[in-house]
Amino acid sequence: MARSTTLTLLLITLGVGWAVSRSVLPARQASVAATSRGQRPLDGGREADSPAAVETSALQAAVDRLDAAFAETWMNEGLEPATEADDLTILRRLSLALHATIPSLEEIRQFEAEPREGRLDRWAQAMLADRRFAESFAERMTRAFVGTQGEPFLVFRRDRFKAWWADQLAANRPYDEVVREVIASQGLWTGRPATNFVTHSVTDGTPSPEKLAGRTVRAVLGQRIDCAECHDHPFADWKQSDFRGLAAHFGQVRLSPFGVEDDPARVFLADIGPRGQKRGVQAEVPFGEAWLPDTGTSRERLAAWSTDPRNRRFARATVNRMWALLFGRPLSAGAPWYADVDDLPDPTEPTSDEARSPLDVLADEFVASGYDLHHLLRVIAASRPFQLSSAVASAAVEEEAGGSASVDGTSSAHGGSAEADFQPLLDHWAVFPVERLRVDQVVGSMLQASSVRTIDLNSALVTRFLRFVRENDFLREYGDPGDDELLARSGTVPQALVRMNGKLVRETIEPNPFNATSRVGLASLDDEQLVEHCFLLCLSRRPTPAERAYFSTAWDEAASASAPDDSDAGSEPKPRLSAAQRAQDLCWTLINAPEFSWNH
Amino acid sequence: MSTVAFSLPPLSARAAASRGAERPRSLITLWMAGGPSQLETWDPHPGGLIGGPTQAIATSVPDLQIAAGLPLMAERMDRVSLIRSLVSKEGDHERGTYFVKTGYRPDPTVQHPAIGAVLPYQLDGEAIAAGLQMPLYVSIGNGQWPGRGGYLGEKFDAFRVPSPGRGVDNLRADVEATRNARRLAGLELLSGTFRQGREGHPAATRHSETVHDALSLMASEHLAAFEIDDEPKEVLARYGDSDFGRGCLVARRLVEVGVRSVEVTLGNFDSHAANFSIHDRLVGMLDPAMAALLDDLRERDLEASTMVLCIGEFGRTPWINPLDGRDHWPSGFSAVVAGGGMPAGRVIGHTDPEGGDKPTDPIPVQDLYATILSRFGIDPAVELMTPVGRPLAISDGKPIGKLMS
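First to last, the sequence lines map onto chains A and B.
Just so we're aligned: 263 in this note's numbering is position 263 of the first sequence, and the numbers increase by one with no gaps anywhere.
Quick note: to get this note's numbering, add 1000 to the position in the second sequence (first position is 1).
The following block holds chain B by itself, in its conformation from the complex (with noise of 0.2 Å):
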């Protein structure tokens, strides 16, 4: 009962110092805020009607071509595999992004956790009633939706980190020891004069528990985990000069120190007007960021326990429009999926190269969500049950055959 989700696993000794398969799995999203281009990212279609000047190049995957834009990654694609005909209804970017962070589609009378907030909740039992130290869902960038714990409960909300690399704010008391001390043994106080005849209020005692909470978090030892200073040169140029690359380093070192989930944005792609300009730099800073998060993952051995996650709200259309941009693109986009056990070098699907709105071999992202929960070692179909009384699956998708075998 008493605090929740503001926690490290109580085997993070074991976990940080843990490799390999053994090790407790995490998750890191690379979100791509806007609804990023397939034609100019993972399903180029150059030369023809709908491709523009975006050129392709070969990858480590044979007869596998990417967007000219992606070189390094293009090197290390056969460790991914890669989806390039995702389908949504949702061509909203506020639905769009609710739909593909939850799997659901947004529903009136229930909000639906994002699958960053699920595991967490489903995984991290022992060290949520132990109660110490870290937030276990973190969303670093300036993301406008970050991901939510919906029906689990607000304490899931992933925990911000709006500006990568330069540590968490307010994590600091702004006077000396004793005087803190004094302002803390008075708020006991307080606290206890206005629960007195206050017990019943549902959430009233929820009120200290975020003060503890905080007050763990202001004391972790786990906080050198948000900063970078004493990353090399080196590794910081590898990721890239830009927040998204300072993100996903940060990314990886919590993921390091025992966080279930991440999650890092990158924005904004939506190019209705001035589209490739737009996608050049974007797709800029993705690649060194992607490429380095990959090769530290493998180096440090923390590939097989670390599923890296690329994707965005929908795609964008096959025909350009009179500004030189795209618009939204529900029906066919793309998504890459790397580690944490899932198998690496396959493709499944590809956009219609004439601009049609049937890619071969569809994959709901609900689908994609239930495979992504089974590596987890989660049931997608177990129900839990939401505030209304209502259970619900935790994903409604089926896994793809092609990702589990």
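Next up, chain A with everything else stripped away, as it sits in the complex (with noise of 0.2 Å):
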């Protein structure tokens, strides 16, 4: 038993030390050229005619466009949005969308000692120049393109296409660039990492054409065909001749021993019958023909048809998947579509009068833009949405002041009237969406709250080794939704366990000289500090006055009074906890409240 521990460790000190040579390295030649945390730009942009201050412009621009689609729906509708969220509310959900965690006690920090104009911009831009954005990003594009699977073995190599993908996102290469080579590219999947879309398809040695179509459609054109593959698709205009057209496109593609190649000889054959019939098939396209270029390889021609400005799918998609990686929600859930982020409906002819839609404006922006990826997601979280509050003032509240029971289940006085007149609101982004976290953000969050500091690229090995072997247990016993992380989910039982009992948190926060806990517990003065810090290290807020009080006094008496028949009743009172066990407890609660697994 021992041994096998020793050998796991040492195992898992080789895999990180083998990680930290290829990524750590790397990442800290790009923190170098990126803007580093002690160099923010607090003054860029302020001087008239810069280059900066024109940027700024065009920004702001954009957003006041996007912002007039929604200020006009809203009119339209007769809703009144939401107010402002706070500004740490703002960077909270922020840091989650771009870095997959809460931010550090040291960055609200930072963050509060900067002047209010322009801070949360200035605050975007920074993150996106973090190598952390890049990372996770990278890996939210990788399960678009290829899922969460290793296999196959020996063609497939995932690490790399998530590799090449954080630096396509870090140098924010056009987005369309990227699509392209990603669709089309030669060579081998080790030097070529883009390759490793079409070796994900591989099996018994070929890639798969239908795989890959459908795959592109999906991922590019934010649309599933995967159903016309066997019938004509139930809802959009796919047809299974229309399918096999565009699979077709992958049909001369193979692999020899120099990697990913295109053989012009090579004819898609389809499966057509039950009985293994098939039929040769041409490359076409089902509509849009004229963008098609006449020169290429066919898996070429695609990609161009595919990220051609005049094919509104694309940038729709696009922008829709962003919206989504921003608000844990894509814009296509909300009136007029409710549809999944693979379900956009196909885009309507634009007429020059009618007010075109918040999807069209920012798809619009982005083609304009040259496909920056970047521009795009300080366009989205400058936006009026993203800057609202995810609660709204109702009669409903008035009746849950009191800050009823809930943790007994019995108390929800939601009646269907708060949920009929919330529900405009949410459908026109008139209110902030409350949605779960990912399993990763989850991670990242606690862990997060397990050091005063910023958990970055460049934090210490050790905090990396145990981020490591952390995240994998934990990942195993919450589960991860895999390639449909984008749709709604509530939680589950096994969740709350993991997070009420599990070791991650155990050990999160636990009183030793390495966690959060014992250093605030040294640091507050008293109480009323602990529980500040502890509220800012855990859900990035400060607590209500009702908060502050209860657990800075009222705690102990209305724990002894609900204990459950304690063997110890009638004794001597117990000592007063230190005030490492206090920050202990009250970071176990915060880290168990709604709050904090939930983007709001």
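In short, the hints are calculated from the structure, not lab data.
For each label pair, taking beta carbons as the anchor points, the in silico distance ranges come out as:
| no. | chain 1 | residue 1 | chain 2 | residue 2 | range |
| --- | --- | --- | --- | --- | --- |
| 1 | B | V1235 | A | D527 | 51 to 57 Å |
| 2 | B | L1223 | A | R192 | 49 to 55 Å |
| 3 | B | A1058 | A | Q149 | 40 to 46 Å |
| 4 | A | D346 | B | M1404 | 45 to 51 Å |
| 5 | A | A549 | B | D1241 | 57 to 63 Å |
| 6 | B | M1404 | A | T190 | 56 to 62 Å |
| 7 | A | D167 | B | V1235 | 56 to 62 Å |
| 8 | B | D1324 | A | L269 | 28 to 34 Å |
| 9 | A | G150 | B | V1235 | 36 to 42 Å |
| 10 | B | D1280 | A | G191 | 37 to 43 Å |
| 11 | B | Q1055 | A | K239 | 49 to 55 Å |
Since the model is a prediction, treat every value here as computed from it, not as a measurement.
Here a beta-carbon is modelled for each residue, glycine too, at the ideal position from N, C-alpha and C.
Take the two lone chains and join them into the complex the hints point to.
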């Protein structure tokens, strides 16, 4: 037993060493080029006529156009949007979206020390320049294009594909170029990482044109044609023949000792019968024939067609996905479509005098910017919907003002009416949606809550080592939704159990010299300060007056009153817990609060 | 509106005590992950072109032979029914697993629930409303795709027990009662703060419900059903020294306390290379565990109320590839059903001894589920409303005549 543990630790250490030599060193170089935390552009963009000022006003113009589209919808629907959220709430949203973790206490202090004007956009820029953004978004894009599978062995290197995505995202390479490389590149999966898109589909040594076509349409155009593989699509306008024509664009790709290649002599044979009958199929596109260039390999032609500026599905699908990564919910999930990120409805022809939907406004902006992802993310982050509170004042609030019990699950006083009034606000983005965090965001937040300093790719090896081990245990128990991570989910009991009693949380809040709980215990002058520190650490906000009062004074009495049949009852009162233990209990409570595992 | 699916039937006391056919029915699925070879299990064709080295042995059913690796089950085949002609169109592991667990082919527009989730959804409404203590659908072993609630909701997902016989992880608070009570009291206050103004967010209240369900499970008097420390050595030995054997024993204990549906995974059968040694090893775990489970259920008078189903996502090719392996083969594979009111000793269909893809008397997987649902008193044609507003039959199969008469 002990021997196998030692062996496991050794292997893990080697694994980390290997990972460090591969990724931390390049990351260090990248972070020198990028804006590091110590050099935030505090005065950037202030001088008139500077390039930065021009850029900032272009951003503002784009944000204004988007906000105007929302404002018009709200007016037409007669909706009163929620009030603005406070800056720390928005900072938490930004950090969760771009870095998959809550802001550290250190970051919150730095943020609050800056002048308020333009502060959120400066932080958005700095976060986009931080390698944590590239790493987290690389995982999201990798899932979109190849899923979570690690197979087939030998010819598919998911890690290379993801690292390559991280580099493209860090360099902010125009997104259409990146997508074309994914669809069409040739070469070895080790030397040309984008080719792993093709090799992820390999079965029995051959890439699958059908799988590649299905993935391309989902990830690039935001629609599912996979069902047209066997029958015509029930909802969207895709025919089985459309699917085969698209799949035929991947019909010439093959693997050789030199890697992924295209052989112009190959003909795509589609299955057309249950007994394995096959028929040769021509590469075709279901619409927009004019966007298909005459030259190039069949994959290059498909790549050009998919990302042609006239192919509105491309920009719409991309902005919809990015919106989902910032809000936890795609733009298409609202009115009028109520659709998943992969089920974006067909675009309609724009009429000149009709107001454009926010989705189209944002898509146009993305095309006009030259497919600039960082710009797109900044526009979304600066838009009005991203700044709105997730709470609204309502009659129900008055009833609930006493902060009644909820753990027993019986007092949820939400009548049908509260939901009915609320739904139109949600449908039109007039209130910020409350959505479950992804498991990696929960893990990132728990680990960040264990440290007062920022845990990033430059953190000490020991921290990264712990993170590596803990994350994997936790992921196994918490469950990972795989490719479907953008679908709405509620929580499960095993997830509640692992949050309440699991090893990761226990180690995160244990008062040892490495953890925030003991440092907060030492650094806090009194109970009130301790409570405030813990709230900032875990929930990125200060306690309300009621919470401050409760946790700094009333907590002990409340607890002893509600303690279930304690065997020590009647004996002498126990000594008061140490400051670090109080921080430990409070952090447990904060980490288990709904607020911690939801984006809001 | 309170908690769902995480409950023990209110009739638990009665259920646990009652026996025979009167007892509420449960389903134990022995899930053969990776696609077991029909030829090395229930449908051998020794001697010919396709049989490989696998031998066949006589069974307690006249004229029925099964693979020689299943001697204990061979003595018990008169207590089960065997289908050797299941057909599917899904030859990929994930798609095949989805199909065989739900009875529906994967469809990008809707997530179908596993049969194991449908049973508590249809049968345990009262228990769910009462909201207590135990999961109604449990998945034992480290299966890659445990059964899901699909459009019935994540709350009907199988509760996973990755290491059978070692209890359930994360059920104990790590501080003493006073401190724990304090933590929970604080949680109530915070939940209240967060709910203010957010009552309309559809799923936002579910968090508190899951915390409540988790607390009930932690306090459940039935947790011992997950452990096997108190089982006699002789019983443990009969099930075999494997995680799968221990999983079958836990499944029997869970059914005894009233859990509706349990899945126990044995894998990995995916024998593209070294088919025969892989099957020797895995079939060697299946045989004692399944035989002991059937014996135990009979001894405890739980046979009539507990259906046992042994099935995987597909079978394996009749031909043997150059790596001495067999590849995926959805056109003709086997399933065993026993107990729970199913007739015994029936044998349906067989695959082609020459390796053709047309089994005699082909049975679509959904027909097997329509049969199982009918035996649970559920009309398979009843339509449920999916979140996209499309009504779907619980199963679009037809009950198999030979198993209904």
